[in-house]
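Engineer: Residues per chain, in single letters:
There are 2 protein chains.
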Amino acid sequence: MLLPHSTLKDATPDTVRKAIRAGQYTGHTAGLCPGRLQVNLVILPEILALDFMRFCQRNARACPLVGVSDTGAPHIDALGDFDLRTDLPTYNLYRNGVLADSPNDISTLWGDDLVAFALGCSFTFESALQAAGIALWHIQNDSTVPMFRSSIQARPAGPFAGPIVVSMRAIPSARLDDTRAISARFPHAHGAPVHVGDPAQIGIADLTRPDWGDPAPVPPDHVPVFWACGVTPQAAIAAVRPPYCITHKPGHMLITDIPDLAEALDILDLPSRHPSQQERLT
Amino acid sequence: MLLPHSTLKDATPDTVRKAIRAGQYTGHTAGLCPGRLQVNLVILPEILALDFMRFCQRNARACPLVGVSDTGAPHIDALGDFDLRTDLPTYNLYRNGVLADSPNDISTLWGDDLVAFALGCSFTFESALQAAGIALWHIQNDSTVPMFRSSIQARPAGPFAGPIVVSMRAIPSARLDDTRAISARFPHAHGAPVHVGDPAQIGIADLTRPDWGDPAPVPPDHVPVFWACGVTPQAAIAAVRPPYCITHKPGHMLITDIPDLAEALDILDLPSRHPSQQERLT
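Residue numbers (the working numbering), protein chains in the order written: chain C, 109 to 390; chain D, 109 to 390.
Read the hints as simulated data drawn from the structure, not as lab findings. We treat Cβ as the ideally placed atom computed from N, Cα and C, and that holds for glycine. Please note that a few of the clues may not be correct.
[What the hints assert, rightly or not] Covered stretches of chain D, as calculated for chain C (at least 3 residues, CB under 8 Å):
no., stretch
1, 175 to 186
2, 225 to 239
3, 256 to 269
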């Protein structure tokens with residue numbers, strides 16, 4: 109029996125992941141476990157892992173790496189107590205760069221040669237913007253944020269290359285400085301905008317025709333603001349056509365145990381035995 | 109003919125590196141090219157690179173990775189126009205974990221299977237603390253900052269493991285908040301302290317007997333403040349005893365072209381063609 113999103117709304121990460129693991133929830137994770145970091149997942153064969161990790165390091169705003177598994181290990185200890193094979197609601201399996209399946213469990217697909225990468229996502233800074241009273245049209249209208257291939261090229265690494273993909277949110281002119289400052293506090297969630305204003309300056313000809321997602325208006329007294337987007341690594345991977353790649357299904361994230369705060373940057377790299385981390389977490 | 113440190117004091121990174129490349133300067137780089145990021149260098153065989161990169165990602169405060177070379181390529185484009193084989197004043201060559209030589213040029217030692225890692229160093233936040241009027245005893249007394257093996261264990265990655273090594277600086281109690289806030293602005297340079305106050309809480313029995321560097325006093329109205337230290341990865345590597353490893357000689361850093369600012373975090377991952385980066389750099 110599937111549980112509705114509303115039943116899980118106030119549940120802990122552990123409870124939500126157990127429901128997902130039991131096959132009781134397969135939907136999107138937006139709004140679940142507020143205050144906890146949710147992350148994109150990319151799983152690749154180890155032979156591509158060093159180059160992909162270099163790609164993330166070199167393009168940190170588009171690919172903010174918050175955790176990496178050991179080869180063959182379906183967990184990332186620094187981020188929480190989860191099993192990467194069962195604890196996401198829905199996965200996408202790509203073979204040779206083409207979507208082959210969207211399973212709810214990848215236990216039978218997991219292998220000893222796989223490396224999992226957890227990448228920060230825009231949920232984090234979107235929550236912070238909304239908390240500061242900055243409305244986001246795509247959320248209010250239950251649509252997907254518009255995303256565009258920009259003319260900014262990612263720094264390549266091995267076979268991984270391509271344009272920086274950006275997402276666009278229309279922000280009231282009066283709140284531009286706040287928007288910059290708030291999103292800059294979350295380097296693990298794409299950080300500050302990469303561009304503010306004229307879309308043509310970053311190679312976007314027509315704001316009404318996004319490459320991914322749905323169009324969104326730019327009302328009077330609003331300015332289009334562009335952030336580096338997690339589709340950047342996905343597009344770079346698709347172009348490489350690896351024999352095998354598993355990701356989260358968009359919107360169906362991994363819910364971690366760590367706080368969704370700017371300070372997560374500091375918490376991430378300290379082992380849990382460290383007293384000052386415990387203080388900060390409680 | 110060797111140039112004195114004072115001759116290069118106001119030179120550009122390019123001029124200093126050219127002098128180093130020509131064999132005209134082999135000394136330490138402290139105080140050279142103020143405002144430019146200086147970094148630690150670690151060069152390892154590719155077979156260890158993925159695990160070492162995971163070690164850095166998992167222990168980012170001790171091992172703040174700011175750049176990684178392609179395998180066999182002696183440069184890191186995002187950080188500047190330099191040759192890693194010739195542009196550091198002095199290197200350390202380790203064979204099986206033991207210091208074998210301290211050459212001024214590693215052209216004949218470079219190989220197609222090597223990967224170079226650039227790690228942020230404490231010069232950055234030390235300059236910022238001093239600029240804010242917070243004096244640092246070890247600098248005023250021309251000694252090396254005291255460093256200690258702490259009881260905080262690094263998160264392991266493959267063969268890389270061990271304690272987080274910390275450096276200690278005595279800070280006036282009245283400036284503790286400033287010190288925390290200023291160093292937190294530099295996540296690429298070890299960031300905020302990992303511990304403030306009682307050394308016993310992180311397993312340090314005797315502040316007067318550092319494991320590396322020179323002892324430094326904690327005067328009245330001062331508090332010992334501990335930062336994660338770049339010796340952490342060096343100690344982890346030494347314990348692995350790789351057949352081959354090259355590092356900078358301590359204090360003899362790689363001088364990059366990028367600014368030594370908090371905003372470097374943002375600049376790092378954007379390609380140089382991006383107009384807003386140009387604005388920020390000029």
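Engineer: State for each hint whether it applies.
Structural biologist: Hint-by-hint comparison with the structure:
no. : hint       : verdict
1   : 175 to 186 : holds (count 6)
2   : 225 to 239 : violated (count 0)
3   : 256 to 269 : holds (count 6)
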